[in-house]
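Enquirer: Residue strings, one per chain:
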Amino acid sequence: MSLAALNHRKLTTAVSASNGIVDMLNAIWAAVQPTVTTYVDGTTRVFTPGGTGWTWSRYQNAGVTEAVYASPPSGSLAQRIIIAGATTTPSPSPTMIIDTYLANRLHIGINKNSGSFNAWNAALPFTSGQWSGYVQIGTNSPTAPVSFIIFESEETIQIGMTTGSTGQMYGAGAGALVDPDTGDAVDGESDGRIYGMWTGGSSVLSQTMLTNTVVNTFMWHGGSATNAHFLTFTPNSATMVATLREIVITSQTAANRTTRAGRFPASVMYATCVANWCGRIREFRLIRAATFGQRVDSAGVNKGYVFASSTTTPGDSVLMEY
Amino acid sequence: MTYLEQIEQYVAYYPATAFASVPASCGVTQLPAYPGVDVHVWAEDYCELADGTGAEIARFRLVG
Numbered sequence: 007m008s009l010a011a012l013n014h015r016k017l018t019t020a021v022s023a024s025n026g027i028v029d030m031l032n033a034i035w036a037a038v039q040p041t042v043t044t045y046v047d048g049t050t051r052v053f054t055p056g057g058t059g060w061t062w063s064r065y066q067n068a069g070v071t072e073a074v075y076a077s078p079p080s081g082s083l084a085q086r087i088i089i090a091g092a093t094t095t096p097s098p099s100p101t102m103i104i105d106t107y108l109a110n111r112l113h114i115g116i117n118k119n120s121g122s123f124n125a126w127n128a129a130l131p132f133t134s135g136q137w138s139g140y141v142q143i144g145t146n147s148p149t150a151p152v153s154f155i156i157f158e159s160e161e162t163i164q165i166g167m168t169t170g171s172t173g174q175m176y177g178a179g180a181g182a183l184v185d186p187d188t189g190d191a192v193d194g195e196s197d198g199r200i201y202g203m204w205t206g207g208s209s210v211l212s213q214t215m216l217t218n219t220v221v222n223t224f225m226w227h228g229g230s231a232t233n234a235h236f237l238t239f240t241p242n243s244a245t246m247v248a249t250l251r252e253i254v255i256t257s258q259t260a261a262n263r264t265t266r267a268g269r270f271p272a273s274v275m276y277a278t279c280v281a282n283w284c285g286r287i288r289e290f291r292l293i294r295a296a297t298f299g300q301r302v303d304s305a306g307v308n309k310g311y312v313f314a315s316s317t318t319t320p321g322d323s324v325l326m327e328y
Numbered sequence: 013m014t015y016l017e018q019i020e021q022y023v024a025y026y027p028a029t030a031f032a033s034v035p036a037s038c039g040v041t042q043l044p045a046y047p048g049v050d051v052h053v054w055a056e057d058y059c060e061l062a063d064g065t066g067a068e069i070a071r072f073r074l075v076g
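Protein chains in written order, with our numbering: chain A, 7 to 328; chain B, 13 to 76.
Bound-form chain A, shown alone:
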C-alpha cells in the first residue's frame, strides 16, 4: 500500500544579494523563513500536520549566517534537513559523505531520529539520530545572479539554484523521498518511508539530465567528489547507500511525450539502490520537455511544478505533483 501522496508547493523565488556563501544562505532564509505564510499560487503555507510548510531556523555565528535547517510539518522519524556553508573551514570540519567540504560552497545533509540542533559542523548536527554527512550543491561563487526556487511538500524539500543570466540550474533535494511501495516492512523505515538526499553536484543540470549519469544529471550517484549524488538511508540504519533513478527512456522529446489528443503523460519514476530495489520516487513524474519552475495545469487545475535544467530552455523534465 502506498504512502499518503505528497503535495508540492512552490515558494517565492529569492534572489541572492551576491554569489557569496553568506548572501546565498540569507537568500534561502528569505524564501523559507516562518514569516513567509503563502506560496506563489496564493495558498496558505500550513506548518501543522496535514500542511506542507516546513519550519526553518537560521544559525548565525556572530551575526553571520552559516546554516539554515528545517523540520517538517509532520512525520514520525524527526527528520531534519540542513543547508550550510561558511567562508572558512570550521573546527571540527563538517562530516561529509563522498564529497569534500569546501569553504564558500553550499552543502546539504539530512538527519533522522533527530534531537535538538547542536552545531552544523558537529559529528551529529542534531545531537542524536542518524546523520547523512554533507554533499555539495553547486560551486564556490557561482556565476551571478544567483537565485533560489524552493519547493516544499509534506515530507520533502527540493531546491533549484539558478546561476548566471542564461537560466542554468544547480539542484538538490532531501526528505522522505522514496516509497518502497512493496508492503514488506523491511523495505522501509518503521514509518514505511525511505529517507535520503540528492544533489546535482558541482555541475549544472543538463537538458539531457535524465539520460546523463554521474555528472550534469538528476537523482544519480557518482562515486567521486563533486559528482551528482543520490543517497538513501538503509532502513533502520545509519548506512547510506548509492541510489539511482531508473532510466526508462534515453531521449525524451516534446513530441514523444505528448499524446495524439495533446495531453502530456506523466510517468511514475522509480529508484534502485546499489544492492536492492529502492522504490517509487514520491510524486515525481517524468513529463515532456519544459522549463524549471513551470506550472503545469490541466483544465485550469494545477497539476504540479517542473524540475528541469533551465528556467529558459526546455529540457528533460520532472513534474513534482501539486
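Simulated from the structure, these hints should not be mistaken for laboratory data.
Treat the numbers as computed from the prediction; the structure is a model and nothing was measured.
Ideal Cβ placement from N, Cα and C applies to all residues, glycine included.
One should not assume that every hint holds.
[To be verified] Listing some non-contacts, in silico: residues in chain B with all C-beta distances to chain A over 12 angstroms:
id : residue
1  : Gly48
2  : Val51
3  : Gly76
[As the list claims (entries may be wrong)] Computed Cβ-Cβ distance ranges for the label pairs, DEER-style:
id : chain 1 : residue 1 : chain 2 : residue 2 : range
4  : B       : Ala24     : A       : Ile253    : 25 to 33 angstroms
5  : B       : Gln42     : A       : Arg269    : 30 to 38 angstroms
6  : B       : Thr14     : A       : Thr44     : 44 to 52 angstroms
7  : B       : Ala24     : A       : Thr172    : 30 to 38 angstroms
8  : A       : Ser122    : B       : Trp54     : 23 to 31 angstroms
9  : A       : Met7      : B       : Gln42     : 42 to 50 angstroms
10 : A       : Ser80     : B       : Gly48     : 26 to 34 angstroms
11 : B       : Glu17     : A       : Arg64     : 33 to 41 angstroms
12 : A       : Val46     : B       : Thr14     : 44 to 52 angstroms
13 : A       : Asn262    : B       : Glu56     : 19 to 27 angstroms
14 : B       : Gly64     : A       : Ser230    : 22 to 30 angstroms
The hints should help you fit chain B onto chain A, whose structure is shown.
Expert: This is chain B only, laid out in the frame that chain A set:
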C-alpha cells in the same frame, strides 16, 4: 566504490594526512596506496583524517 577506495580517495585529496581513524565496521585496517598513513580503528561511525601533529583535517562518512 569499496570502503577502502572511498577512504583512499579522501586521503588523496588531503595529502597532509598522517592518521586515519576509521569505523571498525568498515573492515579497513590499512591503506595499501598510502602505507605511510597510520590507520586507527575506532568506535565512531565516521572517518577522521589528521595530520602529523594530530590536528583533524577532515571527517566523512562512508557510503555503504
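Enquirer: Look at each hint and say if it fits the structure.
Expert: Cross-check of the supplied hints:
1. Non-interface call for Gly48/B relative to chain A: holds, since the shortest CB-CB distance, roughly 21 angstroms, exceeds 12 angstroms.
2. Listed as a non-interface residue, Val51/B keeps its Cβ farther than 12 angstroms from every Cβ of chain A; the least gap is roughly 19 angstroms.
3. In this structure Gly76/B is not separated from chain A by more than 12 angstroms, as the shortest Cβ-Cβ distance comes to only about 4 angstroms.
4. Take Ala24/B and Ile253/A: their Cβ atoms lie about 30 angstroms apart, and the range 25 to 33 angstroms holds.
5. Separation of Gln42/B from Arg269/A is about 60 angstroms and departs from the stated range, judged on CB atoms against 30 to 38 angstroms.
6. For the hinted restraint 44 to 52 angstroms between Thr14/B and Thr44/A, the CB-CB distance of approximately 49 angstroms keeps it satisfied.
7. Remark: the range hint 30 to 38 angstroms for Ala24/B to Thr172/A is upheld by a beta-carbon distance near 34 angstroms.
8. In this structure, Ser122/A and Trp54/B meet the distance hint of 23 to 31 angstroms, their C-beta atoms being roughly 25 angstroms apart.
9. Restraint check, Met7/A to Gln42/B: a C-beta distance of roughly 48 angstroms satisfies the suggested window 42 to 50 angstroms.
10. Hint check: Ser80/A to Gly48/B, Cβ distance near 51 angstroms, so the stated range 26 to 34 angstroms is violated.
11. Take Glu17/B and Arg64/A: their Cβ atoms lie about 37 angstroms apart, and the range 33 to 41 angstroms holds.
12. The hint said 44 to 52 angstroms for the Cβ distance between Val46/A and Thr14/B, and at roughly 45 angstroms that hint holds.
13. As the Cβ distance of Asn262/A to Glu56/B is approximately 50 angstroms, the hint placing it in 19 to 27 angstroms is violated.
14. A hinted range of 22 to 30 angstroms for the beta carbons of Gly64/B and Ser230/A is consistent with their spacing of about 26 angstroms.
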